[in-house]
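S.K.: Residues per chain are reported as follows:
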Amino acid sequence: MTAMLSVGFELFLSAILVGGGVFALIGSYGLLRLPRPMQRLHAPTKATTVGVGAALVVSAFDLLPQGQISWQELLIVLFLLLTAPISALFLAKTLILRGEADPNLPDPGTGTPWATLAQERSDP
Amino acid sequence: MLKRLFPHPYLTMTLVVLWFLLVNHWKIGSLVMATLLATAIPLISSAWWPDRAMVKRPLSLATYTVLVLWDVIVANFQVARIVLFMPRDKIRSNWITIPLDLHSPEAISLLAGTITMTPGTLTADMSACGRALLVHALHAPDPAAVRDDIKTRYESRLKRIFE
Chain A
0 MTAMLSVGFE LFLSAILVGG GVFALIGSYG LLRLPRPMQR LHAPTKATTV
50 GVGAALVVSA FDLLPQGQIS WQELLIVLFL LLTAPISALF LAKTLILRGE
100 ADPNLPDPGT GTPWATLAQE RSDP
Chain B
0 MLKRLFPHPY LTMTLVVLWF LLVNHWKIGS LVMATLLATA IPLISSAWWP
50 DRAMVKRPLS LATYTVLVLW DVIVANFQVA RIVLFMPRDK IRSNWITIPL
100 DLHSPEAISL LAGTITMTPG TLTADMSACG RALLVHALHA PDPAAVRDDI
150 KTRYESRLKR IFE
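Chains A and B, in that order, give the protein sequences. Numbering that gives the first Met the number 0 puts the first residue of the first sequence at 0, with every later residue one more than the last. Numbering that gives the first Met the number 0 puts the first residue of the second sequence at 0, with every later residue one more than the last.
Bound-form chain B, shown alone (with noise of 0.2 Å):
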């Protein structure tokens, strides 16, 4: 009964959080719309979320998007040192192939996400068959030191989280 009114119990509490930061205060009034939205949609919408993104951990989810926003913060003072200094020939832009450990379609696309949040680094295309990402780097004079960054900062704790 319980699983068929909120078939997906992490949008639902997303889009209440949502609709409390939509409307600016907390007021009873505004729960009761959240409430009633937050188990309408799931169960209007939810012919098009076949399976239940699994988070095995959401403690450590929350770790890894403050490690993400720190590296952010770094890695944008690094990008903008290379944009303003660097002469142009001396920027060695290069193509990375990241291999992936990761199964789970939503932790992919997280991983892909936070390559591209992160400055100097970009997630340009996928494998035809989805098992490695085309990464770009800005500035990579050993494209392979930046593989084994993004593989063990990020991935391996994508990988805790959801796998």
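This is chain A alone, in the form it adopts within the complex (with noise of 0.2 Å):
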């Protein structure tokens, strides 16, 4: 009963761990197809978060049948998160200085522009 019980579980990890490979590879996918750059900055993100966090809860409830659960995937989650988000925001600002973003902006509205294209940094 418990044999059966562990390989369904297994079973259960494989399809998660599966699952997480594929988004991965449409992240990887839509880099190659999406045509423009402000575009293709959208794939990473995706591949992070469904890819690389189905990974890490298979990871962290490996050991579960043994009744260990491993807490350092959290971590890696965790800093994952606060490092994507600003990796991402560097390439965009990088594309709209270098023009390579889709040109017409819009304004916003808030009668100063957008940070990356102003002349002197103000402080707000």
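The reader is advised that the hints may include incorrect statements.
Claimed, not checked - With a straight-line cut-off of 30 Å between C-alpha atoms, the simulated DSSO-like cross-links for lysine-lysine are:
(1) A:92 x B:89
(2) A:92 x B:158
(3) B:26 x A:92
Just so you know, these hints were derived from the structure itself, not from any lab. Remember, it's a predicted structure, so these values are computed and weren't measured experimentally.
Given two chains presented individually in distinct reference frames, assemble the corresponding complex, making use of the accompanying hints.
M.R.: The following block contains the structure:
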């Protein structure tokens, strides 16, 4: 009975792992398929969130039948969530500054320009 | 006295939890080490933390986290469908300006991070005065709807948590 349960659990974990892998693959495929630089920037955020997330969930609960849960993976998720938006923001700002993003930016509606294009940096 | 020893109580608590996650087991020795680090690091680095992050409702922050994680999973499926099946010339990418009602820098960075992590939208820039965010949407035929969605779903919740 316990053997059956453990096999079922392994199958469940494998399914999550494969699902996460598929999402990472779709993310990389998006990088190839989408035509414009700003659109391509959307693809990597997918791979990190669900692809890596699934791998980490499986890694954390892998030894659950033996009564162990690994909590370190939570830390990886935390730092991923902290760093991924920052790297994406810097890539976007670089594209805007180099004029490789779509040129017709909307008006900020605040009377000041977008920070990347402002001549002098005014501290808020 | 207590305030002098622990200038940033949230940071201290976070550091204790982080240390336990890092060592991955529950032993009394780790608690001693965690307490030492969690006391020393805020004291040494307090010069770079001019304000305390004010979390008015910590419980709402927890429900907000769960909501965002759920949205991330749902939105991933939507974006995967766009990437795989939508013809290239049908993808309507759009810039969206989001005027901010939030004032605290912590809340604004949390909102910007949430927008980037929920697939389909990406925070690209901020206005020089810090009162509006520039968001890029992968496929948004109706930019105003996306703006209203972000404002009601995320910003209003963050406003309740932080302000």
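S.K.: Does the structure break any of the earlier hints, and which numbers would those be?
M.R.: Of the numbered hints given earlier, the structure breaks just one, which is hint 3.
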